[in-house]
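Sequence lines, in order, name chains A and B.
Heads up, the first sequence is in our numbering, so the first residue is 1 and it goes up one at a time.
Heads up, the second sequence is in our numbering, so the first residue is 1001 and it goes up one at a time.
To be clear, the hints were calculated from the coordinates, so they are not data collected in a lab.
All values derive from a computational prediction rather than experimental measurement.
Virtual Cβ for every residue (Gly too), placed ideally from N, Cα, C.
Any given hint could be a false lead.
In silico DMTMM-like links for lysine to aspartate or glutamate, alpha-carbon gap of 25 Å or less [as the list claims (entries may be wrong)]:
no., chain 1, residue 1, chain 2, residue 2
1, A, 30, B, 1360
2, B, 1111, B, 1049
3, A, 30, B, 1245
4, B, 1111, A, 69
5, B, 1064, B, 1049
6, A, 30, B, 1049
7, B, 1111, A, 65
8, A, 30, B, 1487
Chain A is faced by these chain B residues, among others (derived, beta-carbon under 7 Å) [to be verified]:
no., residue
9, 1344
10, 1366
11, 1386
Read off the chains here:
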Amino acid sequence: MTLSLADVARIADLARLDVTAEEAADVHGKLAAIFGLIDQLAAVDTTGVAPLAHPLECFAPLREDAVSERDERELFQSAAPAVEDGLYLVPRVVE
Amino acid sequence: MADPLATVAGLAAQLAARAISSVEATRAALDRIAALDHSLNSFVTVDGDGALAAAGAADDARAKGEAGPLAGIPIAHKDVLMTAGLPTTCGSRMLANFVAPYDAHVVGRLKRAGTVLVGKTNMDEFAMGSSNENSHFGPVRNPWNPALVPGGSSGGSAAAVAARLVPAATGTDTGGSIRQPASYTGITGLKPTYGRCSRYGLVAFASSLDTPGVFARTAEDCALLLAAMAGRDARDSTSMDRPVDDYAGALAKPADDPARPLAGLRVGLPAEFLGEGVDAEVARAVEAAIAELRRLGATTVPVALPRIGLCVPVYYVIAPAEASSNLSRFDGVRYGHRAAEYRDLADMYRRSRAEGFGPEVKRRILVGTYVLSHGYYDAYYLKAQQVRRLVADDFRAAFAQCDVIAGPTAPTAAFPIGAQADDPVQMYLNDIFTIPANLAGIPAVSIPCGFTGDGRPIGLQLHGPAFAEARLLAVAHRFQQATDWHERAPAL
């Protein structure tokens, strides 16, 4: 796999991460090295091997459909950069 | 005679005998932090008032005969575990001003067992790193030599325990973040089985790999803390509903033949763990430790883990993939850093994340985003998950022939600060022997087993099958009863 500078810009956009022009060259070189490491996997024969998503393969347990949490809106919103009337404030999205 | 620098077990005995009070022990820990930590930088938050209040409460509980098993023992938590009312920064600018609204499950469990929280320890940002150089709050220094890294990502917890600032501390281990720093700082570090301890309140990095665990000077102390931390928690659906073993009982069990306490134990030795790339001094110390296990009665058997070399590449697909998803929550809206200036909502996300995250975290988010992106998922993420199964199967096959698997924790001893800071791939390869246990979800412990000629600690790593913590800790304990590597302390 060859990663281009344009690829870096595209994934940075997907990741909602600003990468400046001067950062991009350094990031590009380092990501290329990391993918050099990762690309070793391509040579492994994994025909018929089921992917392992989780080490213990446990079942998702069921519980009663009951309210288990308290309303802690004020406490949780105390960590927010900007709130008003119990709502999180963000820049206007719809004009 | 009171010794506030004793181990957890030693301190617990003194507290029970009223030879020392928790307030005295806690004050001693706080004094030592004040005297020594300006050069180590192992703590990012010290809560002196809260600690002394908790210590006073522990002393009161003891006076009333209500003391829990760890009542009054001062400990520290890695700053990736939520601690109600205290900062929880994850070593990141993103959360530099974040105060946790609740306790992580393991934090709450240790509080209820009576431990006294003295502070939060420094770490690589969001637990991504192997040297503790990736912290927004500056690097942690190795107590054995301030020019060296302490390992990472739980470098602060390791340095604090190695420097005898606290007798024990929590850590988290996603690819070796407990065992590798334990090895680099000459202490004992346990990564339990995935699912043994709840991840509730552990700020997520890679959810299928993250494992809360513990640092202490001895396996005996790790057993005491694990007993308090382990068990089912309904708030983490991946925490397993199975009984917690009697770890202290397993360690205290008398040997049939005291001269050969490990008689009957089969120690698996994969050739891959002592081959090319392992520093000669590390290999010598680990081979001597294996000889000691044999002297104590164990037999050794060759086993094969043929895919060890693939574990780092597998990890650097799976961990960044999960991280890119987990860290998408940091958008400057509900918590964490928000940029001062932005044009619109999307620009606010981009700038807040660019300013809040450091370079290594950004790299992993980008790698993870790429491997999960359209057209690449099968080639990378699915492929890595398939190889992950092969690795887990290899361990299963090996454990059919042995009870524990031994080898070095890391290929080298601690390296100088700055030596690998600009080469991520070189840095990643430090975790070649610790990542396999995370991929397989099995427990592993690092215990001190020697030093390099220039005085850098070396760690022996023991792996066990899932939920074999009692066996692992018992073997480590027997080794520590017969050796004194774990009693060596850095001159500070």
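request  = Go through the numbered hints given earlier and state which of them the structure violates, listing their numbers in rising order.
outcome  = 3, 6, 7, 8
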